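S.K.: Sequence:
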Amino acid sequence: MTEAVHEAGLGLAGKTVLVTGGVRGVGAGIAQVLADLGAHPVVCARRPGDVDFEFLSCDVRDPDAVAAMIAEIVDRHGRLDGVVNNAGGSPFAMAADASDNYTAKIIGLNLLAPMTVARAAHAVMVNQDGGGAIVNVSSVSGHRPSPGTAAYGAAKAGLDNLTTSLAVEWAPAVRINSVVAGPVQTEASHLHYGDDDGIAAVGRTIPMGRLAQPVDIGNAVAFLLSPMAEFITGSTLTVHGGGEKPAFLDAANAGNDV
1 MTEAVHEAGL GLAGKTVLVT GGVRGVGAGI AQVLADLGAH PVVCARRPGD VDFEFLSCDV
61 RDPDAVAAMI AEIVDRHGRL DGVVNNAGGS PFAMAADASD NYTAKIIGLN LLAPMTVARA
121 AHAVMVNQDG GGAIVNVSSV SGHRPSPGTA AYGAAKAGLD NLTTSLAVEW APAVRINSVV
181 AGPVQTEASH LHYGDDDGIA AVGRTIPMGR LAQPVDIGNA VAFLLSPMAE FITGSTLTVH
241 GGGEKPAFLD AANAGNDV
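At position 75 of the sequence shown the residue is numbered 75 (the UniProt record's numbering), and the sequence of numbers has no breaks.
Certain hints may be false.
Pairs of lysine to any residue residues, derived as SDA-like cross-links and limited to a Cα-Cα distance of at most 20 Å, are as follows [what the hints assert, rightly or not]: (1) K245 / A201; (2) K105 / A150; (3) K105 / D62; (4) K245 / R210; (5) K245 / H192; (6) K105 / P63; (7) K105 / R47; (8) K245 / G182; (9) K105 / R61; (10) K245 / R144; (11) K245 / M208; (12) K105 / G148.
For the record, the hints were derived by calculation from the structure and aren't laboratory data. Source: prediction; values computed, not measured.
Sequences are here, hints too, so could you generate the full structure?
M.R.: The structure is reproduced here in structure tokens:
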């Protein structure tokens, strides 16, 4: 982030923003970007992590817990300017082997929970001066085959569709967009990509030559929350470093220098 942009703060200075799953990984990176821009991030998770941000314990799959958390934020700060629905994820499990309960939990965390949080936030934002903005953190897994995480991919596809629907229902008071993230390097990357060599090998498949860092996702989220995006709603901003090279490029033996 350039010094000029940092000093400008994107118009986020003093804004109260909830970041779900904000105690580690991508969520902590998003919260740090917002804090650097002068916003006040409030992070939630079921258990606290090693972060310096204001923390509230919440299971975002529990509507009553979500309602209580939103009420607590408004009681402490007087308003809620933004929400980042970041909590989510999935371990590896082939669809034929996964239980019905496992599948329901994955969809609940990655699709139903963001809707629950968004609905609770909307109830506050629609009644406050200036409305508010919501960003859903989605994934490229929702836009291409997701073997081993099929329920997760399906949930993220649903989340992007939900974003477009809510944007129409809630405009103009509340804007809602999604950031479609590609592979991100976090403390949990080894669970998906293996050791350092594996992570580096995956990075080489991306046109930009590396995995995203949490700050890359945070910068995109900050823009969509900011007044600079005041006419943007119902959009998906893809942050994937150019995506994945088509497999046929590796198989072709003619004209392949990509």
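S.K.: Give a verdict on every hint.
M.R.: Here is how each hint holds up against the structure:
1. K245 / A201: It holds: about 13 Å lies between the C-alpha atoms, which stays within 20 Å.
2. K105 / A150: Distance ~13 Å between K105 and A150 Cα, so the pair holds.
3. K105 / D62: Since the Cα atoms of K105 and D62 sit roughly 12 Å apart, the hinted pair holds (cutoff 20 Å).
4. K245 / R210: Holds, because 13 Å separates the two Cα atoms, which is no more than 20 Å.
5. K245 / H192: Holds, at roughly 19 Å.
6. K105 / P63: holds, 15 Å
7. K105 / R47: Since the Cα atoms of K105 and R47 sit roughly 18 Å apart, the hinted pair holds (cutoff 20 Å).
8. K245 / G182: holds, 13 Å
9. K105 / R61: Cα-Cα ~9 Å, so holds.
10. K245 / R144: Holds, at about 13 Å.
11. K245 / M208: holds, 11 Å
12. K105 / G148: holds, 15 Å
Figure legend: structure checked against the earlier numbered hints; every hint is met.
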